[in-house]
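Chemist: Here is how the chains run, residue by residue.
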Amino acid sequence: MKSASKRKPAAGIVSIGRVATQSGAETRSLKDFLERLKRRLPDDLIYIDSAVSPAEFEVTALLQHLENEKKFPALFFAKPINLKGKPAAFPLLSNLFATRARCALALEMEPDQERLPLSLEYARREELLLSPVTIPGRDAPVKEVTKSGSAADLYELPVVRHHAMDPAPYIDMTPVMKDPDGGFYNAAFMRTMVKGERKLGLHMSPRHNWQIHRKHEEKKRPTPVAIVVSHHPAFYLGALNVSPFGVDDYARIGAIMGAPLRLTASETWGAEFMVPADAEMIIEGHVLPGVKEVEGPFGEFTGYYGPQRLRNVVEVTAITHRRDAVFQHIFTGHRDTWVLGGIPKEGSLFNLIRGIVPTTKAVHFPLSGCCRFNCYISIDKKVDGETKQAALAALGGCDFVKHVVVVDADIDIYSEEEVMWAVATRVQADQDVDIIKNVKGNTLDPSQTDNIMTAKMIIDATRPLQRPFAARVEVPKAAMQKTRLEDFIARATLDRLKRS
Amino acid sequence: MTKIFWVTCPYCKGEFYCHWQELRHKKIELLCPYCNRRFLDEESPKIVE
Chain V
1 MKSASKRKPA AGIVSIGRVA TQSGAETRSL KDFLERLKRR LPDDLIYIDS AVSPAEFEVT
61 ALLQHLENEK KFPALFFAKP INLKGKPAAF PLLSNLFATR ARCALALEME PDQERLPLSL
121 EYARREELLL SPVTIPGRDA PVKEVTKSGS AADLYELPVV RHHAMDPAPY IDMTPVMKDP
181 DGGFYNAAFM RTMVKGERKL GLHMSPRHNW QIHRKHEEKK RPTPVAIVVS HHPAFYLGAL
241 NVSPFGVDDY ARIGAIMGAP LRLTASETWG AEFMVPADAE MIIEGHVLPG VKEVEGPFGE
301 FTGYYGPQRL RNVVEVTAIT HRRDAVFQHI FTGHRDTWVL GGIPKEGSLF NLIRGIVPTT
361 KAVHFPLSGC CRFNCYISID KKVDGETKQA ALAALGGCDF VKHVVVVDAD IDIYSEEEVM
421 WAVATRVQAD QDVDIIKNVK GNTLDPSQTD NIMTAKMIID ATRPLQRPFA ARVEVPKAAM
481 QKTRLEDFIA RATLDRLKRS
Chain H
1 MTKIFWVTCP YCKGEFYCHW QELRHKKIEL LCPYCNRRFL DEESPKIVE
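If you read the sequences in order, they're chains V and H. At position 127 of the first sequence the residue is numbered 127 (this note's numbering), and the sequence of numbers has no breaks. At position 34 of the second sequence the residue is numbered 34 (this note's numbering), and the sequence of numbers has no breaks.
Careful, some of the hints might be misleading.
As the list claims (entries may be wrong) - In silico negatives: residues of chain H with every beta carbon more than 12 Å from chain V: (1) 10; (2) 13; (3) 33; (4) 42; (5) 43; (6) 46.
Said to hold, decoys possible - Only pairs whose alpha carbons sit at most 35 Å apart, straight line, appear in this in silico DSBU-like list of lysine-lysine: (7) 3(H) to 219(V); (8) 27(H) to 219(V); (9) 46(H) to 199(V); (10) 86(V) to 71(V); (11) 27(H) to 199(V); (12) 13(H) to 220(V); (13) 219(V) to 26(H); (14) 482(V) to 27(H); (15) 46(H) to 195(V); (16) 13(H) to 498(V); (17) 70(V) to 3(H); (18) 437(V) to 388(V); (19) 440(V) to 26(H); (20) 292(V) to 3(H); (21) 13(H) to 46(H); (22) 195(V) to 13(H); (23) 84(V) to 27(H); (24) 26(H) to 437(V); (25) 13(H) to 292(V); (26) 3(H) to 437(V); (27) 26(H) to 292(V); (28) 220(V) to 26(H); (29) 440(V) to 361(V); (30) 437(V) to 71(V); (31) 27(H) to 440(V); (32) 199(V) to 13(H); (33) 26(H) to 215(V); (34) 3(H) to 440(V); (35) 195(V) to 26(H); (36) 292(V) to 147(V); (37) 46(H) to 440(V); (38) 292(V) to 84(V); (39) 13(H) to 86(V); (40) 220(V) to 27(H).
Keep in mind that the hints were calculated from the coordinates and are not lab data. In this text, a Cβ means the ideal position worked out from N, Cα and C, and glycines have one as well.
Okay, chain V solo, but in the shape it has when bound (with noise of 0.2 Å):
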């Protein structure tokens, strides 16, 4: 049991911006990145100042007041109550997710860049794998302070209940499991529901982690498991990668991220298993073998709840943090897990889409499908059959992809009404809509009538190649040139004007 402050001031290390340590390699730490966001995007991150209790939905309570407005500024709550009902040691970050904008800044590109610029290039990093690198606890700022055994008590954190069926707070970050025969650690967002000072229950679905687990298990050892609680928000981009199994999370983290991933021991394990020295929080534990709790029901990224089930059980081993830690959370069934979700699922598609229809304009993952259900794909078709060929890359390069709506370039794909409006005028549904039946769907959509399998829906909304069509209206050029706004009404009045 020991409860430290143990990190030693390294001598000529800049402390400003992007970090050059005595290495050589850049860090990239939440503070750096908050920094920044207060620089370019300054209405983004909103104080708190007041005092908040995060496990009495009061911090879930503001996320919805200010969704209900249309508004998705990051907030940083400054004052959290911890489970002890006392004054958390964390400031709490929340939201940070919830904006395209935040996220081009995350991977340090301009907030405008947010469309497919912003997908493009995490589809192009994504092919990359970045060696990390490893520093000595004594320089890891996430070993600043240490508690283990006893001293490592869940309580002392701001953890987040979100909505009125979770019956605890819920601590949504990643997961870091090390698979035992490859040696390589795979990070997913997983949900962990705090059930005790040093107990949380974890849900997995059978991906990834799972299958590390299930090895363990197999063998009656438990699981090591190392939960990123708080970190700068590329890790979290980077940890949503879509890379096959086998395939080292923490090299793919850092190509995202653009600088290796810096790694030290852990408390737990040592170097048997290294875990992000730049984290603000990292919680170790073990998943016990053989041992099944009911966990749940918890508010998923569906916008419903998934059920209550027979989920594993972690046991807390230790709590490391830096001194002045962030605790960080994200607003699950939201944009906040929406848009992160997706712009990793879009990247790596089009590249996929584009590889069998040179002419793909664009793919996105729109907010109504939750940023994972619909995908809408932009192609300048060519050749009639191309739409189907770019839906079913679409259906088969992602298995949480359920309706395929195929566009022509003219749609911005980026606006829900337009694609809709070619629906609603390009399509013929007994020529146009295709359905696939029994595929292996998700769990969690509440549609599915199948534990597993699920029906897939192609709509070719682009307009046929083989007969006349009609135009589409449109002002002449020359008059839009010729004719300007702002000579009629005045620019106050334009920025009066609400958008509707």
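Fit chain H to the known structure of chain V by using the hints.
Modeler: Using the frame of chain V, we list chain H on its own:
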């Protein structure tokens, strides 16, 4: 979604739902998310499945 059943907490009458295959007729205590008390599904005054 996987098959679910709605239960009513016998203590606080709060309603929530559970995974049918894992928790229906399994003699496993369910956890009421509203009052945090535990009960068996057969103790629920109302089940919708």
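Chemist: For every hint, state whether the structure bears it out.
Modeler: Each hint tested on the structure:
The claim that residue 10(H) is not at the interface with chain V holds, since no C-beta of that chain comes within 12 Å of its own (minimum 16 Å). No Cβ of chain V comes within 12 Å of the Cβ of residue 13(H); the nearest lies about 14 Å off, and the non-interface call holds. Consistency note on residue 33(H): stated as away from chain V, yet its beta-carbon is not over 12 Å from all of that chain's, at 3 Å minimum. Chain V leaves residue 42(H) outside its interface by the beta-carbon criterion, the shortest separation being 15 Å against a cut-off of 12 Å.
No beta-carbon of chain V is positioned within 12 Å of the beta-carbon of residue 43(H); the least distance is around 15 Å. Look at residue 46(H): its CB is around 16 Å from the nearest CB on chain V, clear of 12 Å, so calling it non-interface holds up. Proximity of residue 3(H) to residue 219(V) is assessed by CA-CA distance (about 31 Å); at most 35 Å being required, the pair is judged to hold. Taking the CA atoms of residue 27(H) and residue 219(V), the gap is near 28 Å; set against the 35 Å cutoff, the hint holds.
Only pairs whose Cα atoms come within 35 Å are accepted, and residue 46(H) paired with residue 199(V) is accepted, the gap being roughly 31 Å. Restraint check for residue 86(V) and residue 71(V): the C-alpha separation of about 30 Å stays at or below 35 Å, so the hint holds. Using a Cα cut-off of 35 Å, the hinted pair residue 27(H) and residue 199(V) holds, with the two alpha carbons roughly 23 Å apart. Taken as a hint, the residue 13(H) and residue 220(V) pair is broken in the structure, with Cα atoms around 40 Å apart against an allowance of 35 Å.
This hinted pair checks out: residue 219(V) and residue 26(H) have alpha carbons roughly 26 Å apart, not beyond 35 Å. Of the supplied pair hints, the one linking residue 482(V) and residue 27(H) is violated, its CA atoms being roughly 77 Å apart against a limit of 35 Å. About 27 Å separates the Cα atoms of residue 46(H) and residue 195(V), which keeps this hinted pair within 35 Å; it holds. This hinted pair does not check out: residue 13(H) and residue 498(V) have alpha carbons roughly 45 Å apart, beyond 35 Å.
Restraint check: the Cα-Cα separation between residue 70(V) and residue 3(H) comes to about 34 Å, which is no more than 35 Å; the hinted pair holds. Distance check on the hinted pair: residue 437(V) and residue 388(V) sit about 16 Å apart at the alpha-carbon level, within 35 Å; holds. Our distance criterion of 35 Å between C-alpha atoms is met by residue 440(V) and residue 26(H), whose separation comes to about 27 Å. Distance hint between residue 292(V) and residue 3(H) is fulfilled; the C-alpha atoms sit about 19 Å from each other, no more than 35 Å.
Taking the CA atoms of residue 13(H) and residue 46(H), the gap is about 9 Å. The hint holds against a cut of 35 Å. Taking the CA atoms of residue 195(V) and residue 13(H), the gap is near 22 Å; set against the 35 Å cutoff, the hint holds. For the suggested pair residue 84(V) and residue 27(H), the alpha carbons sit about 33 Å apart, so the restraint of at most 35 Å is met. Between residue 26(H) and residue 437(V) the CA atoms are separated by roughly 32 Å; this keeps the pair inside 35 Å, and the hint holds.
For the hint pairing residue 13(H) with residue 292(V), the CA-to-CA distance comes to about 26 Å; that is within 35 Å, so the pair holds. With a C-alpha separation of about 19 Å, the suggested pair residue 3(H) and residue 437(V) falls inside the 35 Å cut-off, and the hint holds. A hinted pair counts as satisfied when its Cα atoms are at most 35 Å apart, and residue 26(H) with residue 292(V) qualifies at roughly 13 Å. For the hint pairing residue 220(V) with residue 26(H), the CA-to-CA distance comes to about 24 Å; that is within 35 Å, so the pair holds.
At most 35 Å may separate the alpha-carbon atoms for a hinted pair to count; residue 440(V) and residue 361(V) meet this at roughly 28 Å. In summary, the hint linking residue 437(V) to residue 71(V) is not supported, as the alpha carbons are separated by about 38 Å, beyond the 35 Å threshold. Only pairs whose Cα atoms come within 35 Å are accepted, and residue 27(H) paired with residue 440(V) is accepted, the gap being roughly 31 Å. For a cut-off of 35 Å, the pair hint linking residue 199(V) to residue 13(H) stands: about 28 Å separates their Cα positions.
About 27 Å separates the Cα atoms of residue 26(H) and residue 215(V), which keeps this hinted pair within 35 Å; it holds. Annotation: proposed proximity of residue 3(H) to residue 440(V) holds, straight-line Cα distance about 16 Å (limit 35 Å). The straight-line distance between the Cα atoms of residue 195(V) and residue 26(H) is roughly 22 Å, inside the 35 Å bound, and the hint therefore holds. Proximity of residue 292(V) to residue 147(V) is assessed by CA-CA distance (about 26 Å); at most 35 Å being required, the pair is judged to hold.
The suggested pairing of residue 46(H) with residue 440(V) holds, with an alpha-carbon distance near 33 Å, which does not exceed 35 Å. Of the supplied pair hints, the one linking residue 292(V) and residue 84(V) holds, its CA atoms being roughly 26 Å apart against a limit of 35 Å. With a CA separation close to 30 Å, the supplied pair residue 13(H) and residue 86(V) stays within the 35 Å bound. The suggested pairing of residue 220(V) with residue 27(H) holds, with an alpha-carbon distance near 25 Å, which does not exceed 35 Å.
Violated hints, in rising order: 3, 12, 14, 16 and 30; the structure is consistent with all others.
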